[in-house]
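K.L.:
Each chain, letter by letter, is given below.
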Amino acid sequence: MSRALTWRAVLVWAALAALPALPFMSKFYLLLAFDALLFGAIAMSLDLLMGYTGLVSFGHAAFFGLGAYATAVLLERGIVSLWVCLLFAVLVVGLYALVVSYFSTARRGIYFALLTLIFAEVVYTFFRYTQTFGGSDGIQGLPAPSLAPGFAIDTPLRNYYLVLVYLGLAYLVCRILVTAHFGRVLVAIRENEDRARFLGYNVQRYKMAVCMISALITGLGGALYPGRSAFATPDLMLWTVSGELIIMVMIGGLGTLVGPVIGGAFFVLLQEKVSSYVDWYFIVIGLVLIFIVLFMPRGLLGIRGLLGGRRWRATA
Amino acid sequence: MDYLVAVLLPQLLHGLVFGAALGLLALGLTVIFGLLGVMNFAHGELYMLGAYAGIAVIGLTHSFWAALVVAPLAVGAIGALTEVTTLRPLYRREPLYGLILTFGLALVFREGARQIWGGDMRRILPPFTGSTPLLGMTYPNYRLFLLAAASVLLLAIWLFFTRTRAGIVVRAAVQDAEMLDGLGVNVPRVFTLTFAGSAALAALAGLLLAPIFTVYPQMGVEMILLAFIVVILGGMGSMGGSVVAAFVIGLAQSLLTLWMNPQRVAIAIFAIMIVVLIVRPRGFFGREGVLE
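Going down the list, the sequences are from chains R and H. In terms of the numbering used here, the first sequence has 162 at position 181, counting the first letter as 1, and numbering is strictly consecutive. In the numbering used here, each residue's number is its place in the second sequence (first place is 1) plus 1.
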């Protein structure tokens, strides 16, 4: 990484860390910033699959929702340690992701998309109708998780810093992965799966690995969600949520990591802004998506590439 | 015997009725997939628009029959317009973009319908009531009509694809659009008209089912998943397969409800599809090697 880029990264992180100090950052805006960063990080993890490996997952909402339910179930039973919640989420999401990725990665293209979609629908249907987990109401009125005994993440400010750390770690993991040999193989699979196989790579194992990593990052994001919202509902894993995550990646720019973070934040802010003026914001979001697909297929960061700047899309 | 007549037989007929309507929906989906390589996520919304267009026409003319003619035409026109303005520029791009585009279209249509007609559940009254004695039980006339109408339509579509020049051109486009272009056929026009036809079929299915189901802006979201399952089971791009699979799913759904609660049925159908995708991804009649 060049010196200029390092400085810019430091500046961005410093700005994000200083954000709550701004005078207009009320509790409401802090929670909005929480959502923006959380969904940014989740969209980034989806980009590992979509942008780098060329696999479109239509089931990421299930990883998110399972993570949220894992935390919610423990919080409901009085286990408020954040670490235990996160560990439990990793376990639950990991097990589910293992099954999904094993079967889904055996198939390509549209079949992968549909398999992930159907698996996610099974999970959605299960939680939607199981009374143990509150049925369609989900689990409501949860206590705040605590980082250490006596230190609860119970304010928007603490939640904000928690999600900032999560985003930072997730970004680090993703960045290291895509710059390492592993990432190069993923791009090779995206460009030509058969050739990657002929070169001797166990393509399915790579695809499974990236699927698991993406799912776990998303699941951990989900595990942080009940701390902010005090609930987990089946609507978190509706398949249209998976679609929204895809929109975020597309808005930001496939295969750029930073792009989807911006895309996720942009989506959350757009939804909030537009919905406070009109109640037909889904039309606006739909039109934005259509516009991007038609005229800016490389997303917000893609414009840079078109203007002759650095090419952001990862190439091997 | 009583069990057979009182329980099994009506459920079997329900399955056939639902399967026939599902077939209309899935047929359009599979043809579009064959042509453009795009799973049309907005197909459920075209189905929904069909029902609402029907409500609008019935409101004006008080005639279900007028709606049955006008609504599919109107939705077909919307489909043609959509295809020309949004899908046509994507022909040469990866199918992924088309898929995501249709997701955006679905959002716009769904929210548009909610804005125009509101989010409440609506009903369309069947054009006639009463029931007919049949095999020792009685069965609602409208459902019999629905089964007959959908079956006739399916047959007509089959004749269209096998016996008419236009139908053969569409099949040729599914096989090899580039070659067809080379033979001097205006392929983009074929795509547009086929998309319009598929939209009209979806609308027809939506309107025909409306007197049995309820009409609301989200109604397409649940239907589209079933239609996807049907298309995959039948084999992507296989029209005959889609129709067979539609009846299989229709029957499975209505028969399984005899022994399970609805959510278990939903999960069972998802499970069927997962198994098929893993064991035999080309479905019942899909061509070998297509997208495997």
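Fair warning: there could be bad hints in the mix.
Partial chain H-side listing against chain R, Cβ under 10 Å, derived [as the list claims (entries may be wrong)]:
1. 156
2. 157
3. 272
4. 278
Derived lysine to any residue pairs resembling SDA-like cross-links, with alpha carbons at most 20 Å apart [unchecked claim]:
5. R/254 <-> H/112
6. R/254 <-> R/278
7. R/8 <-> R/272
8. R/254 <-> R/-12
9. R/254 <-> H/116
10. R/254 <-> R/106
FYI, nobody ran anything at the bench for these hints, they're computed from the structure. Being a predicted model, the structure only gives us computed values, none of them experimental. Built from N, CA and C at the ideal position, the CB exists for glycine as well.
K.L.:
Each hint should be assessed against the structure and marked as holding or not.
P.N.:
The hints, checked one at a time:
no.	hint	in the structure
1	156	violated (29 Å)
2	157	violated (29 Å)
3	272	holds (7 Å)
4	278	holds (6 Å)
5	R/254 <-> H/112	holds (17 Å)
6	R/254 <-> R/278	violated (24 Å)
7	R/8 <-> R/272	violated (33 Å)
8	R/254 <-> R/-12	violated (31 Å)
9	R/254 <-> H/116	holds (19 Å)
10	R/254 <-> R/106	violated (31 Å)
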